[in-house]
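*Asks:* Going down the list, the sequences are from chains A and B.
This note's numbering applies: residue 1 is where the first sequence begins, and numbers increase by one.
This note's numbering applies: residue 1 is where the second sequence begins, and numbers increase by one.
No wet-lab data here; the hints were simulated from the structure.
Even for Gly, the Cβ is constructed at its ideal location relative to N, Cα and C.
Possibly wrong hints are sitting among the right ones.
With the Cβ distance kept under 7 Å, some of the chain A side facing chain B (calculated, not the full set) [said to hold, decoys possible]:
(1) Gly56
(2) Tyr58
(3) Tyr140
(4) His276
(5) Ser277
(6) Ile306
(7) Leu317
(8) Asp332
(9) Gln333
(10) Tyr334
Partial selection, computed: residues in chain A whose CB lies under 7 Å from chain B [as the list claims (entries may be wrong)]:
(11) Gln93
(12) Gln94
(13) Glu278
(14) Asp285
(15) Ser289
(16) Tyr305
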Amino acid sequence: MACYLPRTQLQSLLDILQQQGYDCIGPQVRDGAIVYESLNAASQLPTGVQDQQSPGQYRLIENDSLRHFSWANGPQAIKPQVFAPRETLWRVQQDSHEQTCQLKFETAAPASVMIAVLGVRACDIAALRLQDQHFLESEYCDPYYAARREGLFLIAVNCSHPAATCFCHSTGDGPNASGNFDLCLDELDEGFVIEAGSDAGQALLNQLELKVATQEHVQQAAQQYQLAIQQQRRLPKKNLRNILFEQLEHPRWDEIAQRCLSCGNCTAVCPTCFCHSEQELPSLDGSHSEHVRQWDSCFTLGHSYIHGMTIREDTRLRYRQWLTHKLAGWHDQYGRSGCVGCGRCISWCPVGIDLTEEVTAICGESD
Amino acid sequence: MLNHYVPQQAEVIERIEETPSIFTLRLHFCDPKLHQQFSFQPGQFNMLYIYGVGEVPISIVSDPQDEHSYDHTIRIVGRVTQALSQLSAGDVIGVRGPFGRGWPIEQTRGKDIVVVTGGLGCAPVVSVIHYVMRRRDQFGRLVIMQSVKHSDDLIWRKQYEEWQQVEDTQVILAADRAGAGWPWATGRVTDLLGEARFDVNHCSVMMCGPEGMMQVAVNGLMNMNVDESNLWLSMERNMQCAVGHCGHCQHGPNFVCKDGPIFNYSEIKEWFGVRGF
């Protein structure tokens, strides 16, 4: 049953999490953007901060509201918490004695950590589920991702202020979270409607000893939802998987390539992009070496290199790879589109390429 | 949890020089128990790691029944293969595998087998040729067709001559440029499909090599009424993790490292031959 958490009691929620051994992470304003960082006190949360987003633009503005979550997602949220931007996979030591030489390999998989994230948006929960499918539920389980994922406690906040770039309603992933969270909040002017989505979430909710949310609170939350689904952008309601793979020679790909800088920003901010490269870092004295992985992008020349040739030499082929993978290939791989409608690739594209506009140009409007 | 990213120690038992730029490493895992447990299918690959340099995916050429060792035939094309070429017997490297889906041996038993390869990319099918040769009675006719750029590029020449002598086996070789004493054809092997004697209704064709060559072979074979479900291709893409996570090997929606590297033509035809995939 939904309860009501007065804003003044938000700190109690953080306190209980910390008592339970969680490191808390939550949204904060840093360098003009909302980022997710270590959070010790509710006072660190953004207050009276709103965002303005449009293709190629992201700005924060202030208002006199006491709300902490009246903004849409910044460049990154939970992906880096589970799929690390850079990490050591294993270490190896070379031991030479007498005539024999040995290689001692040692995994660098992290121990499970308990992290609670406050303020996760529905789009990012959907993206996390997709990353779970990729890293945990495919043929091979990734122990590095698994260790971080295992100890994750998610406190969703339903999105009351989608940006102009958001289109989560058309992908079916937002603006409200529909599962895969421990707790879920709706922020109102004076406090929050709070619901549990797991046993752990319910246990925590019980500890808070809150009153049941009034019908008025619940209605306000429902009204916010109705406003939040009035989003400006959408993906065409079509079988994009088949149409995109049928339109590989559409002239629009050439036209996009004239604008796209192949910088890879879209892949860096995308919450579902999983590409990474491996690298060997030998020590200077030759005694040991580290094998490292870090995020990679299909917009680089090296991404498709095989001896003697590069599969995707030009920008047209790279943008087409990204978009056809995201909106078409994912259906075959994981049973749904790889886009959750967060709109980050639109805001953070330095030349303002809008994925929804490009898809519509290639596939046509909804029938 | 089993960590598929971390290599295991393996020792080089022997290094065989095939040509100045091609060599074979005969390996076994240092841990006897691990070596005993290691089993693979022809067409699968291992990730070979050389200390301080890096890892590369290399197909396994030897027969799965060889208990003593497993072999990798490698061409020097880059940094890691160059370093691997410097190894000699007794050296230790890292190996993880086997990975990927091999040739469809079980579905192929009893049928005629046609092997079509080009360039130097023959290693993945050599394993299957060895496999069939050792179990000759379980398969129909075997047609081995190979193209090389220059006749000097052909490795294991003596072996092809031996295979030619085996009953129900046909060897068709062609070189774009033929040196002195080349007894085989000049040109491309894909132009010689008409010479291959096999049952088009009861065959499996296994292909490996440059995609342009495979495309020509696919077209030629389909013109001969070989059904596409009997065409199998070995694909090659950038691979770094080998477990379908790193994303580099994607070919359309397929991960070449785990869904392949051996594909049925029907699985990949939507993207096969399309520039950029």
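*Asks:* Look at each hint and say if it fits the structure.
*Replies:* Hints versus structure:
Here the hint on Gly56/A is broken, as its CB sits about 26 Å from the closest CB of chain B, past 7 Å. Checking Tyr58/A against chain B: minimum C-beta separation of about 26 Å lies over 7 Å; hint violated. This hint holds: Tyr140/A has a C-beta 4 Å from the nearest C-beta of chain B, less than the 7 Å allowed. A least Cβ separation of about 5 Å between His276/A and chain B falls short of the 7 Å threshold, and the interface hint therefore holds.
Restraint check, Ser277/A versus chain B: the minimum CB separation of about 6 Å is within 7 Å; hint holds. Restraint check, Ile306/A versus chain B: the minimum CB separation of about 5 Å is within 7 Å; hint holds. The interface hint given for Leu317/A holds, since its Cβ lies 3 Å from the closest Cβ of chain B, which is under the 7 Å cut-off. The beta carbon of Asp332/A comes within 3 Å of a beta carbon in chain B, closer than 7 Å, and the hint placing it at the interface holds.
Interface restraint check for Gln333/A: the shortest CB-CB distance to chain B comes to about 5 Å, inside 7 Å, so the restraint holds. At about 9 Å, the closest approach between the beta carbon of Tyr334/A and any beta carbon in chain B exceeds 7 Å, and the interface hint on this residue is violated. This hint is violated: Gln93/A has a C-beta 10 Å from the nearest C-beta of chain B, more than the 7 Å allowed. Interface restraint check for Gln94/A: the shortest CB-CB distance to chain B comes to about 6 Å, inside 7 Å, so the restraint holds.
The criterion of a C-beta within 7 Å of any C-beta in chain B is met by Glu278/A, whose closest approach is roughly 4 Å, and the hint holds. At its closest, the beta carbon of Asp285/A sits 11 Å from a beta carbon of chain B; the interface hint therefore is violated under the 7 Å criterion. Hint status for Ser289/A: holds, given a least beta-carbon distance of 5 Å to chain B, under 7 Å. Checking Tyr305/A against chain B: minimum C-beta separation of about 6 Å stays under 7 Å; hint holds.
Taken one by one, the earlier hints fail for this structure at numbers 1, 2, 10, 11 and 14, listed in ascending order.
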